[in-house]
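Generate coordinates for the entire structure from the input sequences, incorporating the hints supplied.
Quick note, the sequences are listed as chains U and Y, same order. Note that my numbering numbers the first sequence so that position 1 is 1, with each residue one more than the last. Note that my numbering numbers the second sequence so that position 239 is 239, with each residue one more than the last.
The set of hints was computed from the structure by calculation and includes no laboratory data. We put the beta carbon where it would ideally sit given N, CA and C, even for glycine. Be careful, since some hints might not be right.
Said to hold, decoys possible - Some chain U residues judged to face chain Y by a derived CB distance under 7 Å, without partners named:
#: 1; residue: Leu77
#: 2; residue: Phe83
#: 3; residue: Tyr324
#: 4; residue: Phe334
#: 5; residue: Leu335
As the list claims (entries may be wrong) - Quick list of in silico lysine-lysine cross-link-like pairs, DSSO-like style, CA-CA up to 27 Å:
#: 6; chain 1: U; residue 1: Lys330; chain 2: Y; residue 2: Lys104
#: 7; chain 1: Y; residue 1: Lys87; chain 2: Y; residue 2: Lys174
#: 8; chain 1: U; residue 1: Lys330; chain 2: Y; residue 2: Lys87
#: 9; chain 1: Y; residue 1: Lys293; chain 2: Y; residue 2: Lys330
#: 10; chain 1: Y; residue 1: Lys297; chain 2: Y; residue 2: Lys330
#: 11; chain 1: Y; residue 1: Lys330; chain 2: U; residue 2: Lys104
#: 12; chain 1: Y; residue 1: Lys330; chain 2: U; residue 2: Lys87
#: 13; chain 1: U; residue 1: Lys330; chain 2: U; residue 2: Lys297
Protein chains: 2
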Amino acid sequence: MTDRFAFRLLKTDGGARLGEIATPRGTIRTPAFMPVGTAATVKALYPDQLEAAGTDIVLANTYHLMLRPGAERIARLGGLHRFMRWKGPIITDSGGFQVMSLSKLRKITDAGVTFQSHIDGSTHVLTPERAVEIQCLLGSDIQMQLDECIALPATPEATRGAVDRSLAWAELCKREFARQLNNGAARPGQALFGIVQGGTDEALRWRSADALVALNLSGYGIGGLAVGEPQQQMLDTLELTALRLPADKPRYLMGVGTPVDLIDSVARGADMFDCVMPTRAGRHGLAFTWAGKVNLKNARHADDPGPLDPASTCPAAQDYSRAYLHHLVKSGEFLGSMLLSWANVAFYQQLMDAMRTAIAEGRFATWATETRARFGGAETGSDP
Amino acid sequence: MTDRFAFRLLKTDGGARLGEIATPRGTIRTPAFMPVGTAATVKALYPDQLEAAGTDIVLANTYHLMLRPGAERIARLGGLHRFMRWKGPIITDSGGFQVMSLSKLRKITDAGVTFQSHIDGSTHVLTPERAVEIQCLLGSDIQMQLDECIALPATPEATRGAVDRSLAWAELCKREFARQLNNGAARPGQALFGIVQGGTDEALRWRSADALVALNLSGYGIGGLAVGEPQQQMLDTLELTALRLPADKPRYLMGVGTPVDLIDSVARGADMFDCVMPTRAGRHGLAFTWAGKVNLKNARHADDPGPLDPASTCPAAQDYSRAYLHHLVKSGEFLGSMLLSWANVAFYQQLMDAMRTAIAEGRFATWATETRARFGGAETGSDP
Chain U
1 MTDRFAFRLL
11 KTDGGARLGE
21 IATPRGTIRT
31 PAFMPVGTAA
41 TVKALYPDQL
51 EAAGTDIVLA
61 NTYHLMLRPG
71 AERIARLGGL
81 HRFMRWKGPI
91 ITDSGGFQVM
101 SLSKLRKITD
111 AGVTFQSHID
121 GSTHVLTPER
131 AVEIQCLLGS
141 DIQMQLDECI
151 ALPATPEATR
161 GAVDRSLAWA
171 ELCKREFARQ
181 LNNGAARPGQ
191 ALFGIVQGGT
201 DEALRWRSAD
211 ALVALNLSGY
221 GIGGLAVGEP
231 QQQMLDTLEL
241 TALRLPADKP
251 RYLMGVGTPV
261 DLIDSVARGA
271 DMFDCVMPTR
281 AGRHGLAFTW
291 AGKVNLKNAR
301 HADDPGPLDP
311 ASTCPAAQDY
321 SRAYLHHLVK
331 SGEFLGSMLL
341 SWANVAFYQQ
351 LMDAMRTAIA
361 EGRFATWATE
371 TRARFGGAET
381 GSDP
Chain Y
1 MTDRFAFRLL
11 KTDGGARLGE
21 IATPRGTIRT
31 PAFMPVGTAA
41 TVKALYPDQL
51 EAAGTDIVLA
61 NTYHLMLRPG
71 AERIARLGGL
81 HRFMRWKGPI
91 ITDSGGFQVM
101 SLSKLRKITD
111 AGVTFQSHID
121 GSTHVLTPER
131 AVEIQCLLGS
141 DIQMQLDECI
151 ALPATPEATR
161 GAVDRSLAWA
171 ELCKREFARQ
181 LNNGAARPGQ
191 ALFGIVQGGT
201 DEALRWRSAD
211 ALVALNLSGY
221 GIGGLAVGEP
231 QQQMLDTLEL
241 TALRLPADKP
251 RYLMGVGTPV
261 DLIDSVARGA
271 DMFDCVMPTR
281 AGRHGLAFTW
291 AGKVNLKNAR
301 HADDPGPLDP
311 ASTCPAAQDY
321 SRAYLHHLVK
331 SGEFLGSMLL
341 SWANVAFYQQ
351 LMDAMRTAIA
361 EGRFATWATE
371 TRARFGGAET
381 GSDP
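Structure follows, in structure tokens:
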């Protein structure tokens with residue numbers, strides 16, 4: 001164990017990077033997938049299942065937790081790790097994205113954003129300083145700066161405005177984080193990441209990246225992607241942004257994605273990912289497997305005694321028949337959501353592990369081509 | 001392991017009985033609580049959690065399984081044990097109770113009951129013979145005869161009619177069960193239980209019990225109780241029925257009940273119980289503990305760092321704070337239902353274990369008085 005936050009780049013293979021982030025709460029192997037524990041629980045999974053699946057770090061949502069049960073309450077109860085029984089590192093987003101996507105009656109100024117809770121309509125204010133304070137109360141190992149997220153496509157003016165405001169907020173977050181460290185409210189070994197914005201505009205992305213790098217933060221999120229733009233634009237923007245970021249800091253592509261998205265993004269230099277897809281898909285009867293996506297609602301599974309995924313090491317994918325999973329999903333049973341969410345998170349972690357091994361062995365490109373082809377045999381179904 | 005179904009009465013203590021049922025799939029310690037796995041899953045629990053909680057036997061519902069996924073399908077898939085990954089004994093009800101309570105457009109004749117599925121409105125017929133056949137297809141270790149269930153209060157004519165029809169069906173079920181044994185569709189060591197009906201009428205209960213005992217079945221259900229009658233009537237009827245049943249056969253009080261119901265019923269000679277209460281209550285934020293019932297929705301738990309039940313050995317009751325459980329319940333999170341269902345089933349099994357120990361040590365009455373008093377401190381809340 002270390003008392004510092006430190007990223008080590010172990011190997012590169014084309015654009016793909018193998019690394020590890022040392023934190024006082026444990027090591028995060030990168031490329032890393034971070035399951036989303038929105039409300040202090042990765043939906044339908046037990047903490048020990050997450051750990052056994054190979055999860056090094058989970059994400060929790062500042063927006064949700066500030067509204068319920070409240071950051072001060074979690075602090076009084078000993079912090080988020082104890083609250084949700086997760087011993088490893090926790091990353092928290094700043095709430096900016098959820099304020100834009102979930103809350104009502106937003107009013108945004110340079111000072112921050114005023115919004116109404118989607119739960120009870122109560123009014124809340126989130127400033128850069130308060131976003132950091134909340135994340136300190138939660139005890140987050142990796143904090144994200146407050147940023148302004150906009151939907152794509154956006155006008156150049158809106159995009160530039162979001163870049164400028166996000167940069168100003170990054171400085172305020174950095175200052176507040178230093179203050180919290182001096183206060184003892186943040187601890188050495190905790191980290192603050194900036195978030196690169198700029199839509200799909202190269203100049204704006206570079207300006208955002210350069211200014212954040214000048215702040216010398218511990219890592220850099222790449223935000224404002226996977227918000228409606230075409231897939232290729234997302235990948236192009238990721239690539240041009242990653243190239244502008246320092247090699248010795250981790251790069252976190254926020255809110256991405258499908259298994260193929262992850263492969264394509266690792267190929268372009270992304271190190272960290274979070275996405276609700278494995279758990280949300282699981283709750284909707286969709287499974288990710290080494291043979292592609294499987295829709296368990298489909299009647300063709302009703303008599304299938306075989307396991308979900310013989311290539312997976314997850315008990316949920318090995319020990320139960322597809323016929324049983326189909327029955328559980330059709331019957332709306334809890335256990336269906338539980339097993340498929342578990343199998344999906346485990347699959348994502350196995351996918352990351354396979355990527356890390358391929359990079360270590362210098363065969364990432366070949367592996368990626370082969371693996372995409374395996375997924376090409378995926379069952380057609382609605383997107384999760 | 002035995003290849004026979006055999007009940008041994010080990011000890012009595014007042015009306016309470018300590019026993020065990022040997023089956024080819026394992027021993028059932030009595031008094032036994034049998035968690036309800038309606039649709040081939042005890043809602044929100046993994047099979048290994050059931051086992052670790054001390055569950056010897058689970059119940060599954062013929063009505064639900066015949067409609068979805070279908071008994072023939074389960075047979076093709078290797079039977080219900082393999083389907084739901086439960087290695088221990090399984091008891092199945094005959095479907096009679098659910099036909100009355102859930103289905104639409106019932107038509108009942110001496111031959112059986114025609115009804116429409118509550119799922120899709122399709123028409124189905126359940127005869128005594130088909131009820132046995134279905135339970136053989138499922139591979140049930142303890143089958144229940146098809147019976148006619150009526151709501152209480154009922155007219156004497158309706159009660160008498162249900163008794164007569166249920167007795168006639170018991171004979172038909174016994175004949176069919178023997179035929180299935182000869183066919184090899186039922187296996188030695190599987191058992192068929194009769195069901196005593198008769199409302200709260202002593203003479204009818206005795207007539208029903210005597211006629212069933214004359215059929216020399218492997219055990220006797222006491223049905224038609226806990227269907228709306230006052231608590232004391234239920235207990236009185238149980239007592240007068242149990243006294244009429246042979247000491248060397250297990251007695252199964254169907255669909256009961258709360259922890260205090262179980263204690264009071266064991267005191268009156270009941271050996272086996274099933275009830276959805278622990279799992280249904282868990283899904284509604286209610287927990288059973290050694291200090292009484294706890295409503296986790298209550299705001300007074302919001303800041304409570306203590307465990308749900310320090311007197312329970314279940315990880316769900318020990319490892320998570322009440323504050324976290326409150327948060328999960330308020331947020332409608334899966335994990336809240338999962339943890340509380342688990343804690344409740346474990347509590348019920350610990351309660352049965354405590355009863356068995358008290359009977360073995362000849363102090364059941366004292367234990368029952370003390371334990372009822374502990375529950376007297378229960379938090380007031382709506383009934384699960």
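Hints, one by one, checked against the model:
| no. | hint | verdict |
| --- | --- | --- |
| 1 | Leu77 | holds, 5 Å |
| 2 | Phe83 | holds, 5 Å |
| 3 | Tyr324 | holds, 5 Å |
| 4 | Phe334 | holds, 4 Å |
| 5 | Leu335 | holds, 5 Å |
| 6 | U:Lys330 with Y:Lys104 | holds, 21 Å |
| 7 | Y:Lys87 with Y:Lys174 | holds, 26 Å |
| 8 | U:Lys330 with Y:Lys87 | holds, 24 Å |
| 9 | Y:Lys293 with Y:Lys330 | holds, 18 Å |
| 10 | Y:Lys297 with Y:Lys330 | holds, 6 Å |
| 11 | Y:Lys330 with U:Lys104 | holds, 21 Å |
| 12 | Y:Lys330 with U:Lys87 | holds, 24 Å |
| 13 | U:Lys330 with U:Lys297 | holds, 6 Å |
Violated hints are absent here; each numbered hint is respected by the structure.
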